[in-house]
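> What follows is the residue order along each chain.
Protein chains: 2
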Amino acid sequence: MRKKTLYLDYAASTPVDPGVLVVMMPYLKQEYGNPSSLHHMGQRATSALERARLQASSFLHCAADEVVFTSGATEANNLAIRGVVRPFDAAQGEQTVKPHVITSAIEHESVLAPIQKLEKEGIIEATYIPAGKDGIVHAEDVGKAIKENTVLVSVQYANSEIGTVQPIAEIGRMIREKKKSSVVFHTDAAQAANFLDCSVEQLHIDLCTLSSHKIYGPKGAGLLFVRKGVAVDPLLEGGSQEGGLRSGTENVAAIVGMGKALADLQSPKVQVEAVRIRHMRDQLIKSVLKQIPESACTGSMARRLPNNAHFTFARIEGRDLVMLLDQKGVAVSTGSACSERSQEPSHVLLALGMSPKEALGSLRITLGRRTTKEDIVRVLKTLPPLVDQLRKRVV
Amino acid sequence: MRKKTLYLDYAASTPVDPGVLVVMMPYLKQEYGNPSSLHHMGQRATSALERARLQASSFLHCAADEVVFTSGATEANNLAIRGVVRPFDAAQGEQTVKPHVITSAIEHESVLAPIQKLEKEGIIEATYIPAGKDGIVHAEDVGKAIKENTVLVSVQYANSEIGTVQPIAEIGRMIREKKKSSVVFHTDAAQAANFLDCSVEQLHIDLCTLSSHKIYGPKGAGLLFVRKGVAVDPLLEGGSQEGGLRSGTENVAAIVGMGKALADLQSPKVQVEAVRIRHMRDQLIKSVLKQIPESACTGSMARRLPNNAHFTFARIEGRDLVMLLDQKGVAVSTGSACSERSQEPSHVLLALGMSPKEALGSLRITLGRRTTKEDIVRVLKTLPPLVDQLRKRVV
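For the protein sequence lines, the chains are A and B, in the order given. Numbering follows the working numbering, in which position 73 of the first sequence is assigned residue number 425; successive positions increment by one, without gaps. Numbering follows the working numbering, in which position 193 of the second sequence is assigned residue number 545; successive positions increment by one, without gaps.
I should point out that these hints are in silico values taken from the structure, not numbers from a laboratory. Don't take each hint at face value.
Which copy? The list can't say, so a pair holds if one copy fits it or any two copies do.
Stated by the list, open to error - EDC-like cross-link-like pairs, simulated, lysine to aspartate or glutamate; straight-line CA separation at most 20 Å:
| # | residue 1 | residue 2 |
| --- | --- | --- |
| 1 | Lys638 | Asp486 |
| 2 | Lys356 | Glu383 |
| 3 | Lys530 | Glu553 |
| 4 | Lys381 | Asp616 |
| 5 | Lys621 | Asp549 |
| 6 | Lys469 | Asp585 |
| 7 | Lys450 | Glu473 |
| 8 | Lys680 | Glu383 |
Just chain A, same shape as in the assembly (with noise of 0.2 Å):
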């Protein structure tokens, strides 16, 4: 018989928390009112998105009109890029220079593509500041690369595939010393969420991205907090919803869900989860590495989210093992799963310097609330068998 399914893919997407599918069904059941009607019903509606709006104001410290509701990050994303961008975008032809956006070569492809599009539509200069081979991108690169015509800077939080944090604080902190006021800094913190601080004083940051379904809330919500005074222009128009950031009948119930979820991730035990789960991850390292010859951990451990592993081994394609993996019964990644079935090697792997080869024997292992130390035992019986098998078939 199959064994159960030994979920390791929390980075791809988390189950709902159980608490949280409680307060979304109502909003999937009788509370079916449209959050514009102005009758009784429509009213619940909105005083839900509005508890849902003070949940994720208290998560990143910042006002409730801050925080503009979207379907996931990567309408976020895509927000935070064009529309700051847009404005120069339509005074184009009056401008002399183009205006510059900095971000890096490890961004998610959802921050990457609408800068690439940008760039190669001729509407904006672009900089690619490279991580180097920790997975990391310093500050004082990205302080370089500031120039007047600079409008946006965009840095991820913490890297997708390979969990290396980047030092947020420390460039929002450089940019504001840099220059005053007219570089927009955002971020991307997704993958962040679930164990850093997004206190968005604490960072200095004007833009922010939060995916619902990587904090064990649903799929289909995520959102943009927008510095009060920082001019976006919105990607889809109609009804005015969000302060006019974000027309579209809102998600009540997915909404509704992210927000319990963000307030969960308040709670002290976090904290106490984080070390719980840091402390398997690092077990599973040390004993990956050890077993497995010509076998590596991609990036900084120390600057690192606590539940990601990261590693490439020699002489495999890290598809193949996932494969195999999965026909055990385990469930992982290559690395991003929005880029898993191009078959190309990460572009993440290949910025830190690896070849395309190297990049793609890869393999993602991210933990979370319902991993146990037996299922860090189950993958180290499972693992470098299948490691073994592969590379034998090679030969």
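Using the hints, position chain B against chain A.
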């Protein structure tokens, strides 16, 4: 004791059908895999999306890969407008003639707002076809407006406020005959899908918007049909989901729910249900016009969704009436939920030639699957005295 709420605002949002919720639940509980993941949990999520895509394609009589799931109708409408216009936008400067977009004056805000914005930015030229006093847009008016540089015609299938049904097939045929290839024809069928045939071949449409929460599916899902060969630029970029036309982790549960809701609409029972609803609606309109002096029903009776009753009452404000009805436990609307909070007269009613004062005296009652004859009796008991009360207050 407060009576149970009588919900007659189905055009604003519908309850989720219990059968729809049943098929969604696994994807809010144990099936939390990311559809982009290679492992079995990801594959099961992908299969669920593909089932929903087949259900949608069966409803639209199109190919499965012509269905692009979005977060809702507003996103689908914005994608249609901006997606068709953007390639011209990027080529701006090299062109001598601006692309021309034709729409009607009574479209939903999520069609009008992006068109008006693009027009204001100087990127497009736009023509707004007026509707007659009967709320009908005439195909020949659309035909006359088509020019050499016309790239897009966007006309709604049915109006969200007054329920009038536009001659989409006729407009579609006319566009095909007039200009063989280059004009893209989009229709927003969000309000129409419950009652009207949405076969894209019959209607000769290239792009078609549907909304989940208007057809007894959950909020948070919609779709855009994109005919093969029609060039549409994505709004959201990143992970290349939905054939590259809509990046972002798919809202699996909501999309599965929308698929089921679309499958339900193909049941023969729907026809019977439409007759039942039309009968009650006709009774309602007849009685209201008889019982309330200085009242009128807006728009064509013959070419109208069977569930829509839209009135104007002289010497009152619709908002006040909605509030009083709400106090009596009857949930209705002044018109579109999306613009209800703005206190501005409806752009639809103004386009029909009403004065602002007339337009502010509007009331929309929309019926649905749970509406009973007893409900209509209750409205007919409740409404006339409230109109009377408001009129006396004014005097």
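> State for each hint whether it applies.
A quick look at each hint next to the structure:
1. When the C-alpha separation of Lys638 and Asp486 is checked against a cutoff of 20 Å, the pair qualifies only within one copy, where the shortest distance is 18 Å, while the shortest distance between copies is 75 Å.
2. Taking identical chains as interchangeable, the C-alpha atoms of Lys356 and Glu383 lie at most 20 Å apart only when they sit on different chains, with a minimum of 13 Å there against 36 Å within one chain.
3. For the homomeric pair Lys530 and Glu553, the shortest alpha-carbon distance inside one copy (17 Å) is at most 20 Å, but the shortest distance between copies (59 Å) is not.
4. In this assembly of identical chains, the alpha carbons of Lys381 and Asp616 lie at most 20 Å apart only when taken from different copies (18 Å versus 23 Å within one copy).
5. In this assembly of identical chains, the alpha carbons of Lys621 and Asp549 lie at most 20 Å apart only when taken from the same copy (14 Å versus 54 Å across copies).
6. For the homomeric pair Lys469 and Asp585, the shortest alpha-carbon distances inside one copy (17 Å) and between copies (11 Å) are both at most 20 Å.
7. Taking the shortest Cα distances, Lys450 and Glu473 sit within 20 Å of each other both inside one copy (12 Å) and across copies (18 Å).
8. In this assembly of identical chains, the alpha carbons of Lys680 and Glu383 lie at most 20 Å apart only when taken from different copies (18 Å versus 42 Å within one copy).
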